Amino acid sequence: MNVMTTMTPAEQALGLTLPNRREEEWKWTDLRRFVERPYGAVVPADRKAVERLLAQSPFAGLKGPRLVIANGVVDEKLSRLAGVKLAKGAAAVAHEDVLLSLNNKLGVAGATLTFEGAVDQPVVIVFVTTGENSAVASRLHLDVAEGASASVIEVHLGEGAYLHNPVVSASIGKGARLDRVKVEQEASSAQHLSHLIATLGANAILNDFTLTAGAALSRQNVNVDFTGKGSNLRVNGSYLLTDSQHADTRLIVDHKVPHCTSRELFKCVMAEKARGVFQGKVIVRPDAQKTDGKQSSHALLLSETAEFDAKPELEIYADDVICGHGTTCGDLDHDHLFYLRSRGIPEAEARSLLVQAFLAEAIEAVENEQVREVLTEMIVERLV
Amino acid sequence: MADEDTIELVREIDVDKYKYGFETDIESDFAPKGLNEDTVRFISAKKGEPSWMLEWRLEAYRRWLNMEEPKWAKVHYPPIDFQAIYYYAAPKSQAAPKSLDEIDPKLLETYAKLGIPLKEQEILAGVRKQGEPSRLDDAIGSEYASGKVAVDAVFDSVSVVTTFKDELAKHGVIFCSMSEAVREHPELVKQYLGSVVPQGDNYYAALNSAVFSDGSFVYVPPGVRCPMELSTYFRMNAKNTGQFERTLIIADKGAYVSYLEGCTAPTRDESQLHAAVVELISHENAEIKYSTVQNWYPGDKEGKGGVYNFVTKRGDCRGHHSKISWTQVETGSAITWKYPSVLLRGDHSRGEFYSIAISNGRQQVDSGTKMIHLGKNTSSRIVSKGIAAGRSDNTYRGLVSAHRKALNARNFTQCDSLLIGDKCGAHTVPYIESKTSTAQFEHEATTSKISDDQMFYCRSRGLSQEEAVALIVNGFVRDVLQQLPMEFMAETQKLIGISLEGSVG
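If you read the protein sequences in the order shown, they are chains A and B. Each step along the first sequence adds one to the number in this note's numbering, with nothing skipped, and position 203 is 203. To convert a position in the second sequence, counted from 1, into this note's numbering, add 384.
Looking at chain A on its own, in the form it has when it is part of the complex:
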C-alpha cells in the first residue's frame, strides 16, 4: 500500500517520514500523530540548567566515573573520566530502523567507551537535554573487550519540550560481561525515542534493566543479537507511568546461535490515563538448538482509564528448544489490599507497598546493591 501522503510539518522539520499505526511495529504508538511539533535544530545546552539537572540526578551521590552528554555532545568539564577510555565517534550499526535513520538524519558525532579488564565501579552516563522545541540526537557505543566486565548506568534527564533520540550500541566480546541500568526520567513534556543494539559474543553476559518513568512519549527499541554460543541475557524493565504518559518498548531477542539463554521480565504500572505497551519478540533461528528463552510481561492498571497493550511474540525455527512467554494484566489484588488494611495500614500506603512489591521482581536483577537502593527510593518517592 503505497499511498503518497504529504509530510506533516513535523516530518518536514525532521526530514523524514514517520511511521503510523498501519505499520505493525507502530500499531499502538502512532509516531506520526505523536510527533506533531516541528522541532528545530539543536542549540548548545544551557550550562546552568545542565548543572542543576546533574545535581538532581538520582545517581548524583555516586562518586565514581561520570560521562555527561549534554544535547548530544560530550561535556568533558562536567565529566569525571579518570580510568575511562573515551574516544570520539561511534561505530556504525547494522540494523535498519526508523529511529536509527532519525539519528543519522539529525547527525551527531557520538562517543565510544571502551572497557578492558574488570571495572569495579559503575560508570554513570548522564544524557542531559535542554532547550525548548529542539530535536536532539545522541550516539554512544560501548565496547566491552574480550574477558572484560563493565557496569554502566544511563540516566536521561532534561528540561523543556524536546525530542531526544539516543542510540546506544554495545558490543560485548567473548567471555565479557556488561551490566547496564537505564533510567528514563526525561522532562514531562519531552519525547524519548531510543534504540539499544547489543551484540553478544560467545559466553558473554548482558544484564540490563530499564526504568521508564519520564517523558510524555517514550518509545524504546531494543535489539539483542546472539552471535556466539553459551551466552546469557537478561533484559528487565519497569514502567511507572501516570497522567497521560505513553510508553512503548519493542524488544527483539535474536537467537542466531545454539546454547544461549535469554530472560526478559517487564513489570508495568499505569495510573490515571497512562498507556503502557510491550512488544517483545524472541526469534530462534534454525541452527539455534538448545536455546532457552523465557519472556514475561505483567501489567498493573491502577485506574479504570489506564491501558495496557502487549504483543509477546515467539518465532521459532529450531525444535530442541525451551521457549515460553507469559503475560498478565489486571488491578491490584483486592485480597492483598484488604489484608494490609486489616493490619492497620492506610489504603494509600498499602497500595504503594503492593506496587513496590510488584516492581521489585524486575529490579532484583540489578546486582549492584547501591544502585538497586537508589532505584527503589526513586520508585517509593514517585508512589507517595
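Quick caveat, the hints were computed from the structure, so don't treat them as lab data. Given the structure is predicted, the values throughout are model-derived calculations rather than measurements. Each hint can be trusted.
Okay, the calculated beta carbon distance ranges per label pair:
| # | chain 1 | residue 1 | chain 2 | residue 2 | range |
| --- | --- | --- | --- | --- | --- |
| 1 | A | ASP30 | B | TYR461 | 23 to 33 Å |
| 2 | A | ASP287 | B | ARG845 | 25 to 35 Å |
| 3 | A | ALA357 | B | PRO611 | 47 to 57 Å |
| 4 | A | ALA94 | B | GLN798 | 32 to 42 Å |
| 5 | B | GLY418 | A | SER303 | 49 to 59 Å |
| 6 | B | LYS549 | A | LYS273 | 53 to 63 Å |
| 7 | B | GLN798 | A | PRO346 | 35 to 45 Å |
| 8 | A | GLY15 | B | TYR461 | 35 to 45 Å |
| 9 | A | GLN356 | B | PRO605 | 53 to 63 Å |
| 10 | B | PHE840 | A | ALA357 | 41 to 51 Å |
| 11 | B | GLN798 | A | ASN368 | 33 to 43 Å |
| 12 | B | PRO416 | A | ASP30 | 37 to 47 Å |
In silico BS3-like cross-links for lysine-lysine, where the CA-CA straight-line distance does not exceed 25 Å:
| # | chain 1 | residue 1 | chain 2 | residue 2 |
| --- | --- | --- | --- | --- |
| 13 | A | LYS27 | B | LYS754 |
| 14 | B | LYS833 | A | LYS290 |
| 15 | A | LYS294 | B | LYS833 |
From the derived model, a few chain A residues whose C-beta atoms are all more than 12 Å from chain B:
| # | residue |
| --- | --- |
| 16 | MET7 |
| 17 | PRO9 |
| 18 | GLN56 |
| 19 | VAL98 |
| 20 | GLY117 |
| 21 | PHE338 |
| 22 | ALA350 |
All C-beta atoms, glycine included, are put in the ideal place defined by N, C-alpha and C.
Assemble chain B onto chain A, guided by the hints.
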C-alpha cells in the same frame, strides 16, 4: 486404545497418506470462468434468489473490487488469479432432491468413501458395520451408538442433501441449505445475514458475500435444546473451482445447538481456493457449540497443490449470559488463514476457543482467535495446541481485548507448540489490549519438543517410535480433544496420527 488405532491406520496407508484424495467423475454445471458482475448475477439466478439478495451480493462485489488482499499473515503463496476460478459448480443430475433415492448414486458413493454416514440406519449404527462389535463403542460408550446426527452435505457449490429435517421441524428447528433458507425463510436471512460479518469485513469475506453458493442455515427457536447434533460435510470436487460456502447459525433466547463441520477435497496439482464465512448469533441465555474438523487436501510433500483455506468465522454473543464455543481441529489445507472470533457483547457472556492445528510437509497455518470483551463480567478461554512437523510453519495469532466498559472481563489463554523436526517453525503472535483495570487477562505460551525422557520412557515400555509419538501427541492435545463431541473425538485421534505420519525417524 485410540493410539493403537492410529498406528494401525498409519500402517494401512501406503503411498499417499491423504485418503480423501480421489476425484468423483460426476457431471457438473459450471458458471463461466472468472469473476464479474455477470457471474454474481448468474449464481443468484441459478439459486432463484429474490432481488434483495442479488443486490446484497452486488454490493459485496463492488466493495471487493476496491479492497486489497491481506498480506499480514505469516503465509507465502503465489498470487491468486481470481479470473481463473470457477465460482459455481454443481452436480448436474439433480435439481432438488426430495429423498436420498433421488440422488446420483455416484454422489452417495463419494460420501460413503468419505465415511459420512448419510443414511439414517448408518447414522444410527455409527461408523461400525452392522452386527459387528465396534472398538469405538468401547472407547466412547454406548451413547454414540444411539446418538443421531442430522447431516447437511455440500458438494462443490450446492447442498445435496439434508437429513432428519422432519424430526428437527417437530421441535421448530430449521436446518437447511442456505439457498433454501433464502427462499423459505427470507425474513430470518434478511435479519441476520451479514450482521456479524458484514459484506465489506475483509477481502475474502467480501468475495464470499458476492459469490457464496451454498452452506448451512440453522435457526433454533427460543427455549429449544436442539435434539441432535447438526453436521455439515463440505466436499470440493470439480477442477479449478473455488468453494465459497456461507453458514449462518442462530440460537434464539435460551436455545442450545451443537454443530459439526467436516471438509475434504481431491488431490490435485493446482491449488484450490476455499473462502467461507460462518456467522453465529447467540441470544440471551443461548449457547452455540461449533466444532470443525478441517481436512482439506494439504498438497503433496513438495508443497504442490492443496487448498488455500481463507475463512472468516465469527460469533456474536448478543444477549446476556450467552455462550459461544469454537473447537477446531486443523490438519488439512496447504494454507490456513482462519481466526474464529467471539464478540462478547451481552453481559456475563462467555466465549471459548479450543484448537488443535497440525502442520506437516509444506503446510502453512496462521490461525487463532479473537475475543472482544464489550459487555460486563464477560469471560473467555483460549486453549491452542499447535504441532509443526516436516517443513511446515505453524502460527498462532490471537487478540484478546477489553473495552473501557467491559468491567470485570476475564480471559485465560494458553498456547502450546510442539515441534517435531528441525525444519519446521512454530510461532506465537498474541495481541493483548486492556482498557480497563478491572479486566484480568492471563496469557501463557510454551514451545517445546517431545523430550528424550518421554521418548525413552515409552520406548522402554516396548512402544515403537511411531506409537510413542502418537501417544505423546495425543496427550499433548488432550485438553482440546475433550471439548470435541463424542462423534469427532475418536476420528480426530486417528487423524492426528495420520497427519504426523513420516514426521519421525
